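> At position 14 of the sequence shown (counting the first as 1) the number is 14 in our numbering, and the numbers step up by one without a gap.
Simulated from the structure, these hints should not be mistaken for lab results.
On a predicted model such as this, the values are computed, not experimentally measured, just so you know.
Idealized CB from N, CA, C, for every residue including glycine.
Errors might be hidden in some of the hints.
Pair ranges (Cβ atoms, derived) [stated by the list, open to error]:
#, residue 1, residue 2, range
1, A39, D124, 38 to 48 Å
2, W50, S30, 14 to 24 Å
3, V42, S113, 37 to 47 Å
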Amino acid sequence: MERDWRSIAVGILRQELDSLIRVHYLLDQSDADRSRIIAESVSGMRWPAWDRQMVRAVESQYGWASIVYDFGCSFIHLTRAHDYLVRDPFQALPLDDRKIIADFLNRYHGDASLEPISTDSAFDDIYPYTSEVLKKISTNLELALQRLQQVVPS
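All chains should be built: construct the whole structure from the sequences, respecting the hints.
Structure, rendered in structure tokens:
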């Protein structure tokens with residue numbers, strides 16, 4: 001963020017969200033399935049669920065997860081979001097998605113130093129929220145990992 005490498009910053013945020021989603025997916029499994037999935041993963045086998053399935057699994061807890069996940073993916077994969085200096089990736093989102101993101105940012109991350117976000121905001125307006133969102137996702141990931149450590153046998 002200090003170098004204003006926006007694609008990389010949003011990509012890292014998405015990677016952290018991916019980890020949070022995977023940990024929650026593991027927490028939702030039976031003890032036997034969880035142990036099997038972990039053993040297979042560290043052996044190099046593919047995860048038993050697609051990302052989309054795992055994102056849907058956490059929607060009840062993190063209603064914003066699929067929208068933020070998809071938005072983050074647009075910065076990881078080669079899309080029009082990489083051209084954010086010419087085309088605004090936030091404005092490219094559907095209106096309903098922009099509303100959810102704006103409401104979430106204003107409710108959970110807004111403070112006096114940041115301009116409120118609306119559906120008319122630009123990516124430049126949203127980008128300053130990135131570090132706060134990353135901190136929140138990272139904190140939630142740490143808590144979920146602690147829960148996972150409690151349920152996984154040593």
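> Is 14 to 24 Å a correct range for the gap between the Cβ atoms of W50 and S30?
Holds - the Cβ-Cβ distance for W50 and S30, about 20 Å, lies within 14 to 24 Å.
> Do V42 and S113 keep their Cβ atoms within the hinted range of 37 to 47 Å?
Holds: the Cβ-Cβ distance is about 43 Å, inside 37 to 47 Å.
> Starting from the hint 38 to 48 Å, judge whether the C-beta atoms of A39 and D124 obey it.
holds, 45 Å
The structure meets every hint from the earlier list without exception.
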